[in-house]
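Asks: Chains as they are written, first to last, in this note's numbering: chain E, 186 to 296; chain P, 393 to 506.
Just so you know, these hints were derived from the structure itself, not from any lab.
A few chain P residues that don't get close to chain E, going by computed Cβ distances all over 12 Å:
| # | residue |
| --- | --- |
| 1 | 400 |
| 2 | 420 |
| 3 | 454 |
| 4 | 459 |
| 5 | 461 |
| 6 | 471 |
| 7 | 476 |
| 8 | 478 |
| 9 | 505 |
Partial pick of chain E residues on the chain P-facing surface, computed with a CB cut under 10 Å:
| # | residue |
| --- | --- |
| 10 | 191 |
| 11 | 194 |
| 12 | 228 |
| 13 | 229 |
| 14 | 234 |
| 15 | 282 |
| 16 | 284 |
| 17 | 285 |
| 18 | 286 |
| 19 | 288 |
| 20 | 289 |
Far from chain E by the CB rule (all over 12 Å, computed), these chain P residues:
| # | residue |
| --- | --- |
| 21 | 406 |
| 22 | 408 |
| 23 | 414 |
| 24 | 506 |
Note that the Cβ used here is the ideal one computed from N, Cα and C, for glycine as well.
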Amino acid sequence: AQRVTQPEKLLSVFKGAPVELKCNYSYSGSPELFWYVQYSRQRLQLLLRHISRESIKGFTADLNKGETSFHLKKPFAQEEDSAMYYCALKGLGGNTGKLIFGQGTTLQVKP
Amino acid sequence: NAGVTQTPKFQVLKTGQSMTLQCAQDMNHNSMYWYRQDPGMGLRLIYYSASEGTTDKGEVPNGYNVSRLNKREFSLRLESAAPSQTSVYFCASSETYRGTWPQHFGDGTRLSIL
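Next comes chain E alone, as it looks inside the complex:
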């Protein structure tokens, strides 16, 4: 079965501290994974996708097939990073674009 698990509902860190938002997945093929972010009073938007291997707003995420993980990391958290973060997996079933989302993690960066 395809599943995305984000074990932490809430992650609270101080400004300047490193951040790691955990994401684990179960998938039988080659996964395609995404991180989406929802800032307060804004719509959900794409943060990054693993095939791009990019860094957005200082965040990076590496796909670890051995551990079936796609953790989101940032070395120094900023207050403006406070938001809800969702990990998502492209679902099976052809090219429908369906995504399976995790439960979400609220990141709270304290001053």
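Once you've looked at the hints, dock chain P against the given chain E.
Replies: Just chain P now, kept in the frame of chain E:
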């Protein structure tokens, strides 16, 4: 540059009432989706439309119906609203003809069923 537009933004219904949530996108995307967002549950797919003229059930379709009116519009209907359908509903669209591209989301509709 509207992207995905959802109406209404807020709605309160009584149990048993019906309601249609509207969604329109101006990006010429072929695929559209309806999700519900509940605390601790993340986003769960209700229905999706891979292309104009097709619709399919997602993870939690019971109690809902959808219509892909044309390429731009994808509506979600609650025929007989129940308190368990109190949620925030998000519409999204994406281009999927050439690979899977990111989904673009609307602002959401906050729906309360009393």
